[in-house]
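K.L.:
Chains A and B supply the protein sequences, listed in that same order.
Just so you know, the first sequence maps onto residues 9 to 198 in the numbering used here.
Just so you know, the second sequence maps onto residues 9 to 198 in the numbering used here.
Hints listed in this document are in silico derivations from the structure and should not be mistaken for laboratory results.
Treat the hints with care, since some could be wrong.
Same chains, same label: a pair holds when it works inside one copy or across any pair of copies.
[Said to hold, decoys possible] Okay, derived cross-link-like pairs now, DSBU-like style, lysine-lysine, Cα gap no bigger than 30 Å in a straight line:
#1 K29 x K10
#2 K89 x K103
#3 K10 x K103
#4 K103 x K88
All values derive from a computational prediction rather than experimental measurement.
So you can see what is in the structure, the chains are spelled out below.
2 protein chains.
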Amino acid sequence: MKQMEEMILAEGQVLPGDILKVGSFLNQNIDTTLLHQTGDEIARLYEGCGVSKVLTIEASGIAIAAAAGMTMGVPVLFAKKHRTSNVDGDVYAAKVHSFTHGVDYNIVVSSDYLLPTDRVLIVDDFLANGHALRGLMDLCEQAHCEMVGVAIAIEKCFTGAGDELRAQGVRIESMAMIESMSAHEIVFRS
Amino acid sequence: MKQMEEMILAEGQVLPGDILKVGSFLNQNIDTTLLHQTGDEIARLYEGCGVSKVLTIEASGIAIAAAAGMTMGVPVLFAKKHRTSNVDGDVYAAKVHSFTHGVDYNIVVSSDYLLPTDRVLIVDDFLANGHALRGLMDLCEQAHCEMVGVAIAIEKCFTGAGDELRAQGVRIESMAMIESMSAHEIVFRS
Chain A
9 MKQMEEMILA
19 EGQVLPGDIL
29 KVGSFLNQNI
39 DTTLLHQTGD
49 EIARLYEGCG
59 VSKVLTIEAS
69 GIAIAAAAGM
79 TMGVPVLFAK
89 KHRTSNVDGD
99 VYAAKVHSFT
109 HGVDYNIVVS
119 SDYLLPTDRV
129 LIVDDFLANG
139 HALRGLMDLC
149 EQAHCEMVGV
159 AIAIEKCFTG
169 AGDELRAQGV
179 RIESMAMIES
189 MSAHEIVFRS
Chain B
9 MKQMEEMILA
19 EGQVLPGDIL
29 KVGSFLNQNI
39 DTTLLHQTGD
49 EIARLYEGCG
59 VSKVLTIEAS
69 GIAIAAAAGM
79 TMGVPVLFAK
89 KHRTSNVDGD
99 VYAAKVHSFT
109 HGVDYNIVVS
119 SDYLLPTDRV
129 LIVDDFLANG
139 HALRGLMDLC
149 EQAHCEMVGV
159 AIAIEKCFTG
169 AGDELRAQGV
179 RIESMAMIES
189 MSAHEIVFRS
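The following block holds chain A by itself, in its conformation from the complex (with noise of 0.2 Å):
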């Protein structure tokens, strides 16, 4: 998606250890042209697939996944993060490494809203080692639900975990794709 490339390109910095830091218009303060037009091209790219349910995990994923499920007139449904390991109650649960922070953490929905008869996408902020997409795959695992597709504000590609995915037949819909990045040049694939 054009919009994100440039938005990228503009306000985007590289910081050491691979990070892209995109507080100005993503992840901390939210453009919302940009938020709107990104959820208009993943309900573009996912129209006709029957989705019922938007999966996202707290808290930058959400205001994409809002903007995604208002568009496509569904509801939308976040994981919620938890550091302990006991989870109570009726939920799914998954364990999800996390490299930025250096800690595991759990996510958890509760089963009351991912049902069998939901065919859901997920959405997520980025995509790096694709650790929080395969936990949020098991989720719907645990379900037994459909899961359609994974739209994607910024993957990071050359970790390869995005293309890993695709080769085992999950469709994934980046609306941009980092092939590299340094201080000095990102560069998107084409």
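Knowing the structure of chain A, use the given hints to seat chain B on it.
P.N.:
Frame of chain A; chain B shown alone:
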């Protein structure tokens, strides 16, 4: 707002400890029709007030803030919650006590994203004891920006916190105002 009240009556569950469970439509599984209506209503209420930024707090405020911000055409900034007391870098931070979880936490925004020239609308899902709201107001004071008003999905009027702030001159618009609630009955302020 009629639609919010109707949804609370249809799906809200009052639990011991004055907890109103609205996870099925507001703060875990999000009804995007209601979300759209809420965003539009907030935009209507604050039309002509020169709002330049919507400020909220992760995680359950984000979808509502995003809906309002998209309709109003202004950016949405969300404060992050930190359990640690050490906050690095150029940030504004305020301490908030959570009655739900029985802990203190810091709410933090980067000082790059909240400017003295901003006219801020604070948005959140709940107003109960007002601690999170006072924390967000504190961030606005630190940034020397103008706090235009507050928009809340559900206010628990019986705590008195909202009316206390109104008496101090703060404009608070709540989509549903609960005067009293029990397992048998929820009474709204008319």
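K.L.:
So which of those numbered hints doesn't the model satisfy?
P.N.:
The structure breaks only hint 3.
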